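Asker: Each chain, written out:
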Amino acid sequence: EIVMTQSPATLSVSPGERATLSCRASQSVSSNFAWYQQKTGQAPRLLIYGGSSRASGIPDRFSGGGSGTEFTLTISSLQSEDFAVYFCQQYHDWPYTFGQGTTLDI
Amino acid sequence: QVQLVESGGGVVQPGSSLRLSCEASGFSFRSFAMHWVRQAPGKGLEWVTTISYDGTYTYISDSLKGRFTISRDNPKKTLYLQMDRLGAEDTALYYCARGSKELDYWGQGTLVIVSS
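Line by line, the protein sequences give chains Y and F.
In terms of my numbering, the first sequence opens at residue 109 and continues consecutively.
In terms of my numbering, the second sequence opens at residue -11 and continues consecutively.
Derived by calculation from the structure, the hints in this document are not laboratory data.
These numbers come from a predicted model, not from an experiment.
Be aware that one or more of the hints could be misleading.
Said to hold, decoys possible - Derived pair list, reagent style SDA-like, types lysine to any residue, alpha-carbon separation capped at 25 angstroms: (1) Y/K147 / F/L99; (2) Y/K147 / Y/S120; (3) Y/K147 / F/G32.
Claimed, not checked - Among chain Y residues calculated to face chain F with C-beta under 8 angstroms, some are: (4) N140; (5) A142; (6) A151; (7) F195; (8) Y199; (9) W202; (10) Y204; (11) T205; (12) F206; (13) G209.
Claimed, not checked - One-sided excerpt, in silico: chain Y residues whose CB lies under 7 angstroms from chain F: (14) L154; (15) Y157; (16) P203.
Cβ atoms here follow ideal geometry from the backbone N, Cα and C, with glycine treated the same way.
Let the sequences and hints guide you as you build the complete structure.
Answerer: Structure representation (structure tokens):
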């Protein structure tokens, strides 16, 4: 199975700052890759798919990059509502696998 | 708007069975693959199983094969997860999600607690 490894586990930043989250796949997943945001007590929400395409309704301060085995999620200017847990996921091969999550806190 | 509403969770004893449902609305259910993803308390996301748009193909986590079965009823716009021989390790919030590739819409989940 493809193992997804996120770093860091926790990222502490201030509102208005830029945040960069990383995810590494144990083998190439091409661009079959997504980022999800999960706020406390809520279901995950799709942010980025295809490695770099924003999902419907996602603000343009969120951007995704990478392909193959290395991916990043950048939030250009953090808003209070962005503090949450972020998961990466590959849908290149079965079983689909998620990273362990990065907590973005203040 | 797309809505996915899970139901069927609850507290059950080890060794029991449970069937979860996910009712879909706001989109052409028959056109999309569907998934179950679970999240144990305080943990990350774990993909459980996927079914193709027409039910022809299913995929399931190796660790759950033989105990969990996904199915769908397209006229009823409903997705199911049959779970047998439940154990404490199956305690989790179970989400259904839509997506032929990425999982673009998720329900709010139904909680399954396996405890004696």
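Asker: Determine which of the earlier numbered hints do not hold for this structure and return their numbers in increasing order.
Answerer: none
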